[in-house]
Amino acid sequence: PARDNSIVRRDEVMICGRMSAIERYKGHDVLLEALPLAGRILGRPVHLRVVGGGDDRARLEFEAHDRGLGGQVTFTGRLSLEELRDAYRRCGVFALPARVIQRPIGHWGGEGFGVVLLEAAACGRPVIASSEGGSPDALVAGETGLVTDPSSVEGVARAIADILGKPARADRMGAAGRSLMESRFSIPKFREAIRKVADTVVPAGA
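Numbering (the working numbering), first residue to last: 1 to 206.
Calculated directly from the structure, the hints in this document are not laboratory data. Note that the structure is predicted; figures quoted are calculated from it, not measured. A portion of the hints provided could be inaccurate.
As the list claims (entries may be wrong) - Just the calculated beta-carbon pair ranges, DEER-fashion:
| id | residue 1 | residue 2 | range |
| --- | --- | --- | --- |
| 1 | Ile194 | Glu154 | 16 to 24 Å |
| 2 | Arg18 | Ser179 | 27 to 35 Å |
| 3 | Asp137 | Ile101 | 14 to 22 Å |
| 4 | Arg169 | Ile7 | 31 to 39 Å |
| 5 | Ala58 | Gly109 | 16 to 24 Å |
| 6 | Glu154 | Phe190 | 34 to 42 Å |
| 7 | Arg24 | Val115 | 25 to 33 Å |
| 8 | Leu81 | Glu182 | 18 to 26 Å |
The beta-carbon is built from N, C-alpha and C at its ideal position, and this holds for glycine as well.
Work out the full structure: start from the sequences and follow the hints.
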């Protein structure tokens with residue numbers, strides 16, 4: 001996390017992820033649609049920072065301009081690790097309103113968990129997660145961020161406005177998210193969990 005939250009862009013929501021023309025489930029479109037409504041709720045413009053690349057980027061850039069949001073949406077492309085850390089630290093809120101979908105042949109696709117939610121929390125920023133799939137497991141709703149229906153533009157917009165409109169609460173959520181990362185999702189905790197699973201298959205010392 002940043003040592004000084006004065007660097008935070010209090011009017012910015014960020015999304016990070018691959019933009020694929022055949023896998024449009026991460027929530028880029030719903031964020032573009034929700035942006036003006038979130039701004040009307042807040043009474044000031046809201047900006048969107050889109051991190052990542054992919055063959056659907058050109059369409060999303062056109063969509064942003066077509067909606068008159070050209071000055072409110074920044075497409076950064078892929079970032080280095082340090083640049084990505086800095087982007088997380090500076091965003092007002094990180095959002096991933098991703099969907100889980102059932103394919104015609106029966107199996108499920110879409111966002112299973114959303115590691116980027118953990119990365120944003122590790123950098124001390126609040127998150128907005130989808131109510132679908134494993135995303136709700138990446139936060140404590142109401143404490144480290146908010147959970148919303150990814151199919152509801154109004155719900156996503158209100159979640160954005162709720163967090164951006166209360167900076168002190170947003171910072172408390174971010175700090176709680178960092179604590180959650182350390183207590184539940186750190187590398188030592190991950191290794192411990194894997195070891196416990198392995199021991200149920202091959203007992204220690206066997």
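Hints versus structure:
1. In this structure the supplied range 16 to 24 Å is violated for Ile194 paired with Glu154, their Cβ-Cβ distance being about 40 Å.
2. About 29 Å separates the C-beta atoms of Arg18 and Ser179, a value consistent with the hinted range of 27 to 35 Å.
3. A hinted range of 14 to 22 Å for the beta carbons of Asp137 and Ile101 is consistent with their spacing of about 19 Å.
4. Between Arg169 and Ile7 the beta carbons are some 18 Å apart, a value that contradicts the proposed interval 31 to 39 Å.
5. At about 23 Å, the beta-carbon gap between Ala58 and Gly109 stays in the expected band of 16 to 24 Å.
6. Between Glu154 and Phe190 the Cβ separation comes to about 36 Å, which falls inside the hinted range of 34 to 42 Å.
7. A hinted range of 25 to 33 Å for the beta carbons of Arg24 and Val115 is inconsistent with their spacing of about 19 Å.
8. Between Leu81 and Glu182, the C-beta spacing of about 20 Å keeps the proposed range 18 to 26 Å intact.
Of the numbered hints given earlier, the model fails hints 1, 4, 7; all others are met.
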